Amino acid sequence: MMALLEVKDLQVRVEDREILHGLTLTVNQGEVHAIMGPNGSGKSTLSHVIAGKPGYEVTGGEILFKGEDLLAMAPDERAAKGVFLAFQYPVEIAGVATMNFLRTALNAQRKARGESEFSTPDFLRKVREVAKSLNIPQDMLKRGVNVGFSGGEKKRNEILQMALFEPSLCILDEMDSGLDIDALRIAADGVNALRSPERAMVVITHYQRLLNYIVPDFVHVMSRGRVVKSGDKELALALEASGYAQFEDAA
Amino acid sequence: MPAVQETVDRVRRIDVDQYRYGFETLIESDKAPKGLSEDTVRFISAKKNEPAWMLEWRLEAFRRWLTMTEPTWARVDYPKIDYQDLYYYAAPKPKKQVASLDEIDPEILKTYEKLGIPLREVAVLEGVVSPDGEAAPERSRIAVDAVFDSVSVATTFKAELKKAGVIFMPISEAIREHPELVKKYLGSVVPTSDNFFATLNSAVFSDGSFVYVPEGVRCPMELSTYFRINERNTGQFERTLIIADKGSYVSYLEGCTAPQRDENQLHAAVVELVALDDAEIKYSTVQNWYPGNSEGKGGIYNFVTKRGDCRGRNSKISWTQVETGSAITWKYPSCILRGDNSRGEFYSIAISNGFQQVDSGTKMLHLGKNTTSRIISKGIAAGRSQNTYRGLVTAHRKATGARNFTACDSLLIGDKCGAHTVPYIEAKNASATFEHEATTSKISEDVLFYCVQRGLSQEEAVGLVVNGFVKDVLQQLPMEFAVEAQKLISISLEGSVG
Chain A
1 MMALLEVKDL QVRVEDREIL HGLTLTVNQG EVHAIMGPNG SGKSTLSHVI
51 AGKPGYEVTG GEILFKGEDL LAMAPDERAA KGVFLAFQYP VEIAGVATMN
101 FLRTALNAQR KARGESEFST PDFLRKVREV AKSLNIPQDM LKRGVNVGFS
151 GGEKKRNEIL QMALFEPSLC ILDEMDSGLD IDALRIAADG VNALRSPERA
201 MVVITHYQRL LNYIVPDFVH VMSRGRVVKS GDKELALALE ASGYAQFEDA
251 A
Chain B
252 MPAVQETVDR VRRIDVDQYR YGFETLIESD KAPKGLSEDT VRFISAKKNE
302 PAWMLEWRLE AFRRWLTMTE PTWARVDYPK IDYQDLYYYA APKPKKQVAS
352 LDEIDPEILK TYEKLGIPLR EVAVLEGVVS PDGEAAPERS RIAVDAVFDS
402 VSVATTFKAE LKKAGVIFMP ISEAIREHPE LVKKYLGSVV PTSDNFFATL
452 NSAVFSDGSF VYVPEGVRCP MELSTYFRIN ERNTGQFERT LIIADKGSYV
502 SYLEGCTAPQ RDENQLHAAV VELVALDDAE IKYSTVQNWY PGNSEGKGGI
552 YNFVTKRGDC RGRNSKISWT QVETGSAITW KYPSCILRGD NSRGEFYSIA
602 ISNGFQQVDS GTKMLHLGKN TTSRIISKGI AAGRSQNTYR GLVTAHRKAT
652 GARNFTACDS LLIGDKCGAH TVPYIEAKNA SATFEHEATT SKISEDVLFY
702 CVQRGLSQEE AVGLVVNGFV KDVLQQLPME FAVEAQKLIS ISLEGSVG
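Heads up: the sequence lines are chains A and B, in that order. If you count the first sequence from 1, position 62 lands on 62 in our numbering, and the numbers rise without skipping. Take the position in the second sequence, starting the count at 1, then add 251; the result is the number in our numbering.
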């Protein structure tokens, strides 16, 4: 079976500084991969390059998504193909109601895939259903996108979009940052509800704590722009005990 | 936001060089000879069958104009205008008197169709021809007094307005039919000596709208005029006069587009509003004249004097404008708050792209006691454009309790454009409270990426963010215009990123 995501020997520069020096990662459908590592190891860079954020120069290697050259696609094409990035710091968009934003984005993706756009009643039904399951009140959907949202609300809004857009690959960038333990549990429950045999997830985090809630199938440790060790969930626990220092030396 | 998608589809279909409204209608016109002299003024006045007093008024303005010099204080730069190299009057040749839309030149009707404003359809939809005998819902009615190349060729809804006692007609007709009103109010807000462009307008204005709403009457429909500049090399000099008598209310909508051309076109309109005791006037504009091509060639020069006089107690004048077109915009819709407790409002969206230059804002002159004003200005600069907000808020020494709130926000798209804010504040009364807030921000790469990661294209993302930025002002527009305006905003920002 073809892998969902294949990152091969990826080398990436930002303003003449190489951040990723030959990173390789394979993610299959239905799998949950955790990527751990200290600050500056290149975790967020990887997520940004997969999603197509401007400002990164890929100098070597390739990324295949469902067998296609992902790097040749514009970021909005990648989104329509099923790549979803849950942001570490979701932005605020003043004056644009969340509901309008969700509908515009969802219909843009559907249109790009040649599917029919959702009618207003169908869309509303779908949003309400998903919002309810995530404990998101209706009035939050009427407010400007993330405007005045708490950290927990912003993350729930990300998960709401994930549930609505039904992507095949979800990248969660430091989802636990800025969340207290209750907010973290709600967010993690939302993510777990979206786990399915068709969908893969890449969970980027500093801390093992998140992985108590979102239990990964694989754990990769990144250091200085490479994956230096891969294992199962036990690796995360071992890291929690011994820290990243050992890998800093290995790299 | 369904309009966003529609907008973006339209944006894709056009670009600056294929300005959608850039077409010319082939109608023979009746031109004044090129150049400006007393003879030109006499020609125009004669064409309009004007009474002697009107000609005298014009000539006085013309003589005054000869002594004036073009203002240079605005932050706009354009080649010197040769006023002797322009035509000052052009009218479609009258074929016959029109009694209904059917008799209007089909060429003209077609023009409206291209603009997406099928007059014929408007007439049917809005109840002129009411096939079911049903009246259209009150709030969706719009009366259209079509100004086509200087001369009003169609006036609809006349009957219903007449029933309410509202006078809505081309100003050239009003001069003949209601000389007492015109004499009393014309030039009473913007005097013939006001400024270079207003004085020029006073000498050579060709036509425009006249509205009089009698005491205690709430105008039964939105009044709307669509302007188009159609004749090559013809300056357009509209003159609009709106009077709301005691306790009356009127909402007036104005929208413009112009055909593509290489030569620059001069436009110097004057709009005068008079609100008497307890009266309210709401004046909305959506302006989309040809901004010039991608090299900055061509485009309309728009030097407009718009001023409202809150002459009576508790009167209110509200200006709302969406400015997306023109190569040069020089425009400051203002309020004279003369009556005690009167209120002035200015809501503005000014968008510049390409090589456009906008110098626009407002003046709120507090003369009466407890007068209030509110200014919300949103400037968006993209491409290589320059966008200036220039505003004046003053309190006369007798203006006890005057209050003003001003918020000016500028949004920059790209790094070759400029946004400037030039507020002037003068309080001669110690009890005046003036607040001013201003922000300038760049459209954030992070916000655009967030939108794009969710599946929106760059253009859709910019359209969405900008429409959010201007939402406070869009909400002030009547529904019919809000949708149109939203489309225009995205169209005019086409090609501003990426």
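It should be emphasised that the hints constitute simulated quantities derived from the structure, not laboratory data. Note that this is a predicted model, so its numbers are computed, not measured. Among these hints, one or two may not hold up.
[Stated by the list, open to error] Lysine-lysine pairs mimicking DSS-like chemistry, simulated, CA-CA at most 30 Å apart: (1) B:Lys722 to A:Lys154; (2) B:Lys722 to A:Lys126; (3) A:Lys142 to B:Lys434.
[As the list claims (entries may be wrong)] Partial chain B-side listing against chain A, Cβ under 7 Å, derived: (4) Trp324; (5) Tyr329; (6) Ile332; (7) Ser545; (8) Ser692; (9) Ile694; (10) Arg705; (11) Glu710; (12) Phe720.
All C-beta atoms, glycine included, are put in the ideal place defined by N, C-alpha and C.
Against the structure, the hints:
{"no.": "1", "hint": "B:Lys722 to A:Lys154", "verdict": "holds (22 Å)"}
{"no.": "2", "hint": "B:Lys722 to A:Lys126", "verdict": "holds (26 Å)"}
{"no.": "3", "hint": "A:Lys142 to B:Lys434", "verdict": "violated (52 Å)"}
{"no.": "4", "hint": "Trp324", "verdict": "violated (33 Å)"}
{"no.": "5", "hint": "Tyr329", "verdict": "violated (33 Å)"}
{"no.": "6", "hint": "Ile332", "verdict": "violated (39 Å)"}
{"no.": "7", "hint": "Ser545", "verdict": "violated (23 Å)"}
{"no.": "8", "hint": "Ser692", "verdict": "violated (10 Å)"}
{"no.": "9", "hint": "Ile694", "verdict": "violated (11 Å)"}
{"no.": "10", "hint": "Arg705", "verdict": "holds (4 Å)"}
{"no.": "11", "hint": "Glu710", "verdict": "violated (10 Å)"}
{"no.": "12", "hint": "Phe720", "verdict": "holds (6 Å)"}
Hint check: violations occur at hints 3, 4, 5, 6, 7, 8, 9, 11; the rest are consistent with the structure.
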